[in-house]
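K.L.:
Here are the chains, one letter per residue:
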Amino acid sequence: MANNIANKSSNISKVQGEEGTSLWKIGAKRLIKNKLAVFGIVVLSILIILSVLAPVITPYDRDETNLTNTYQKPSKEHWLGTDELGRDVFTRLIYGGRVSLSVGLVSTSISVIIGVLLGAIGGYYGKVVDNIIMRIVDIFMCFPFFIMAITIAAILGPSIWNVMIISGILSWPSIARIVRAEVMTVKEREFVEASKALGLTPIEIIFRHILPNVLAVVIVYTTLGIASGILSEAGLSFLGLGVKQPQPSWGNMLSAAQNLRSLRLHWWLWVPPGLLVFITILSINFLGDGLRDALDPKLKH
Amino acid sequence: MDKNILQIEGLVTEFSTSEGKVTAVNNIDLNIKKGKIMGLVGESGCGKSVTSLSIMRLVPKPYGNISKGKILFKDKNLLDLNEEDMRKVRGNDISMIFQEPMTALNPVFTIGYQIGEVLELHLGLKGKENLNRCIGLLEKVGIPRPEKVVHEYPHQLSGGMRQRVMIAMALSCNPELLIADEPTTALDVTIQAQVLEIMKGLSKELNTAILLITHDLGVVAEMCHDVAVMYAGRIVEEGNVKDIFMNPMHYYTKGLMASRPNLVKKGERLKCIPGMVPSLHNMPKGCAFEPRCSNPMDICKEKMPELIEYENGHKVRCWAVEMEGNRNHGR
Chain B
84 MANNIANKSS
94 NISKVQGEEG
104 TSLWKIGAKR
114 LIKNKLAVFG
124 IVVLSILIIL
134 SVLAPVITPY
144 DRDETNLTNT
154 YQKPSKEHWL
164 GTDELGRDVF
174 TRLIYGGRVS
184 LSVGLVSTSI
194 SVIIGVLLGA
204 IGGYYGKVVD
214 NIIMRIVDIF
224 MCFPFFIMAI
234 TIAAILGPSI
244 WNVMIISGIL
254 SWPSIARIVR
264 AEVMTVKERE
274 FVEASKALGL
284 TPIEIIFRHI
294 LPNVLAVVIV
304 YTTLGIASGI
314 LSEAGLSFLG
324 LGVKQPQPSW
334 GNMLSAAQNL
344 RSLRLHWWLW
354 VPPGLLVFIT
364 ILSINFLGDG
374 LRDALDPKLK
384 H
Chain V
30 MDKNILQIEG
40 LVTEFSTSEG
50 KVTAVNNIDL
60 NIKKGKIMGL
70 VGESGCGKSV
80 TSLSIMRLVP
90 KPYGNISKGK
100 ILFKDKNLLD
110 LNEEDMRKVR
120 GNDISMIFQE
130 PMTALNPVFT
140 IGYQIGEVLE
150 LHLGLKGKEN
160 LNRCIGLLEK
170 VGIPRPEKVV
180 HEYPHQLSGG
190 MRQRVMIAMA
200 LSCNPELLIA
210 DEPTTALDVT
220 IQAQVLEIMK
230 GLSKELNTAI
240 LLITHDLGVV
250 AEMCHDVAVM
260 YAGRIVEEGN
270 VKDIFMNPMH
280 YYTKGLMASR
290 PNLVKKGERL
300 KCIPGMVPSL
310 HNMPKGCAFE
320 PRCSNPMDIC
330 KEKMPELIEY
340 ENGHKVRCWA
350 VEMEGNRNHG
360 R
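Chains B and V supply the protein sequences, listed in that same order. Convert by adding 83 to the 1-based position in the first sequence; the result is the number in my numbering. Convert by adding 29 to the 1-based position in the second sequence; the result is the number in my numbering.
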């Protein structure tokens with residue numbers, strides 16, 4: 084047999100390149116077939132590129148004021164005009180995209196890490212552990228989001244980091260619930276018992292066998308969570324409790340344009356940030372829905 | 030006399046349910062000899078699977094509990110081990126094959142990853158060495174083009190192939206005991222025969238003892254050296270396969286033998302044992318099989334008979350047999 088194995092090993096290198104079709108590859112194929120999801124991916128990619136490359140794309144400085152040049156209409160020099168301090172709106176818009184997208188990402192990462200960890204532990208161990216975790220979840224779910232966020236922001240002071248932490252900490256319970264439910268069904272499957280019979284520790288079983296089976300759900304939730312993170316940043320900034328001026332964000336740009344004169348005369352101050360929030364959320368939701376369909380093992384074409 | 034690899038002495042496994050405590054396995058003694066195949070037969074719910082889970086100490090906690098007995102594996106009581114040491118035994122010294130090959134493999138990992146995981150865990154094999162060993166194992170269980178299959182996912186394989194992968198996984202660390210819990214129930218007959226053939230061959234080659242749990246008497250006759258028949262949590266008859274099949278003594282075993290379909294002529298009705306297994310909540314005081322027995326006696330209602338050895342290791346738990354045996358003895 085040893086000889087046989089040696090012979091085989093020479094073939095392996097050839098074969099290694101060609102892997103089995105994993106669920107992820109199938110999922111990616113399905114995703115590309117979904118037009119709305121592709122639209123979402125394209126729009127999001129453009130937005131990400133714009134905000135990452137902001138300094139290269141625009142010739143203006145983010146906070147550069149020019150009081151002789153206030154409230155200019157969109158023109159060749161200023162694509163989306165200027166605001167009350169003569170700052171270029173397009174420049175501020177793409178810099179604001181950095182804030183909004185990173186708030187969405189970071190706050191969702193916080194909530195996903197806490198939620199997945201606690202949900203998986205609760206779902207796997209059950210009993211007392213589960214009970215304690217789920218009661219904490221219940222408590223967190225009782226908090227009215229905006230009132231809590233406003234209170235905390237008022238105490239800690241408005242800043243981009245506070246927004247990330249607040250929205251991360253207040254939104255983990257829902258993912259913990261989803262993950263817990265999924266883990267509870269997956270752990271009853273026979274391969275989990277088989278892994279036990281093969282001598283794996285509970286931690287290995289949770290992280291190496293159960294969580295990969297739950298990943299699809301987590302990914303879908305994460306994309307949708309980013310959308311709500313962006314929305315809550317916009318909301319808090321609009322209320323003056325999020326990102327502080329002069330640092331721009333889509334929310335505080337809207338809030339700056341919140342007066343009758345600007346609303347009537349200076350549409351370029353409030354339409355673009357509003358539209359961008361709208362388009363971003365829409366794209367993320369399209370992508371999230373696409374991912375859900377693509378990664379759903381029950382749907383087979 | 031061969032050496033016993035596994036000795037179960039007076040094993041009692043209980044489950045607490047909403048209606049009170051239930052004894053799923055009641056005072057079982059079982060010896061499995063090195064390199065031999067032991068069959069464990071019985072109806073659904075008679076405690077076969079619980080026995081196997083008890084050996085692995087995987088009885089679902091906290092509802093289930095092994096309350097008495099000893100499980101000696103190579104003269105070491107598994108019930109005394111701590112969780113850490115027990116994990117080293119699982120998969121390494123004793124491994125298990127499950128009933129449902131469709132769900133016993135993790136759908137999101139390749140076959141190679143899943144077998145490799147066990148090899149890494151117990152033998153510390155890594156990288157290429159690990160992969161080669163996986164391919165060797167797959168080849169051993171008769172999987173065609175193993176060097177491709179290692180990179181495939183469970184959904185790309187048929188049920189028979191998956192069960193073979195399970196066997197490869199179970200045998201990956203050359204265990205001394207393999208517990209196969211109805212390994213072929215989910216497979217069709219031709220594949221069933223192949224899988225059994227592979228198991229039998231490997232048992233001989235690697236000198237692995239197998240505890241084969243099944244309710245298929247044909248499989249038992251084909252595979253096993255020894256058989257234990259379980260009824261309602263107890264062993265009612267035990268012996269080598271020839272004795273059990275040629276000379277069944279317990280009325281339950283007799284009934285089982287008579288209800289095999291191949292003994293019935295065309296046009297005749299299939300024989301069966303009347304009645305149902307008694308509920309574990311409501312066990313009869315005497316012999317558990319008495320309500321269904323074709324030869325019930327007064328004493329059967331009153332007292333549980335003992336498992337008594339007759340000739341050549343053939344043990345039976347039956348009053349009728351015991352009395353007859355005494356009479357013969359008296360003469």
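None of these hints come from the bench; they were simulated from the model. It should be emphasised that the depicted structure is a prediction, and the values quoted were computed from it without experimental measurement. Using N, Cα and C, we set each Cβ at its ideal position, and we do this for glycine too. Any given hint could be a false lead.
[Unchecked claim] Here are the computed distance ranges between Cβ atoms for each label pair:
hint, chain 1, residue 1, chain 2, residue 2, range
1, V, 90, B, 136, 53 to 61 Å
2, V, 87, B, 264, 44 to 52 Å
3, V, 158, B, 285, 48 to 56 Å
4, V, 74, B, 285, 36 to 44 Å
5, B, 285, V, 185, 24 to 32 Å
[As the list claims (entries may be wrong)] Keeping only pairs whose Cα atoms sit at most 20 Å apart, straight-line, the calculated PhoX-like set for lysine-lysine is:
hint, chain 1, residue 1, chain 2, residue 2
6, V, 177, B, 270
7, V, 90, V, 32
8, V, 283, B, 108
9, V, 62, V, 105
10, V, 90, B, 210
11, V, 344, V, 283
12, V, 63, V, 50
13, V, 90, V, 103
14, B, 210, B, 112
K.L.:
Residue 210/B and residue 112/B were given as a pair; does the straight-line alpha-carbon distance stay at or below 20 Å?
P.N.:
40 Å, violated
K.L.:
Under the criterion that the straight-line Cα-Cα distance not exceed 20 Å, is the pair residue 90/V, residue 32/V satisfied?
P.N.:
It is violated: about 32 Å lies between the C-alpha atoms, which goes past 20 Å.
K.L.:
Regarding the pair residue 90/V and residue 210/B, is the alpha-carbon distance no greater than 20 Å?
P.N.:
Roughly 11 Å between the alpha carbons, so the hint for residue 90/V and residue 210/B holds.
K.L.:
With 53 to 61 Å as the target window, see if residue 90/V and residue 136/B comply at their CB atoms.
P.N.:
57 Å, holds
K.L.:
Hint check: residue 62/V vs residue 105/V, CA-CA at most 20 Å. Holds or violated?
P.N.:
Within the cut-off at roughly 15 Å; holds.
K.L.:
Okay, residue 158/V versus residue 285/B on CB: inside 48 to 56 Å?
P.N.:
Given range 48 to 56 Å: violated, Cβ gap about 28 Å.
K.L.:
Within 44 to 52 Å or not, the Cβ separation of residue 87/V and residue 264/B?
P.N.:
24 Å, violated
K.L.:
Take the C-alpha atoms of residue 344/V and residue 283/V, compute the straight-line distance between them, and say whether it is at most 20 Å.
P.N.:
This hinted pair holds, its Cα atoms lying about 14 Å apart.
K.L.:
That 24 to 32 Å hint for residue 285/B and residue 185/V (C-beta), does it hold up?
P.N.:
Holds - the Cβ-Cβ distance for residue 285/B and residue 185/V, about 29 Å, lies within 24 to 32 Å.
K.L.:
Hey, residue 177/V versus residue 270/B, does the alpha-carbon distance stay inside 20 Å?
P.N.:
Violated: residue 177/V and residue 270/B sit about 29 Å apart, past 20 Å.
K.L.:
Check whether the Cα positions of residue 90/V and residue 103/V lie no farther apart than 20 Å.
P.N.:
Distance ~26 Å between residue 90/V and residue 103/V Cα, so the pair is violated.
K.L.:
Could you check the hint for me, namely that residue 74/V and residue 285/B are 36 to 44 Å apart, CB to CB?
P.N.:
29 Å, violated
Figure legend: structure checked against the earlier numbered hints; hints not met, in rising order: 2, 3, 4, 6, 7, 8, 12, 13, 14.
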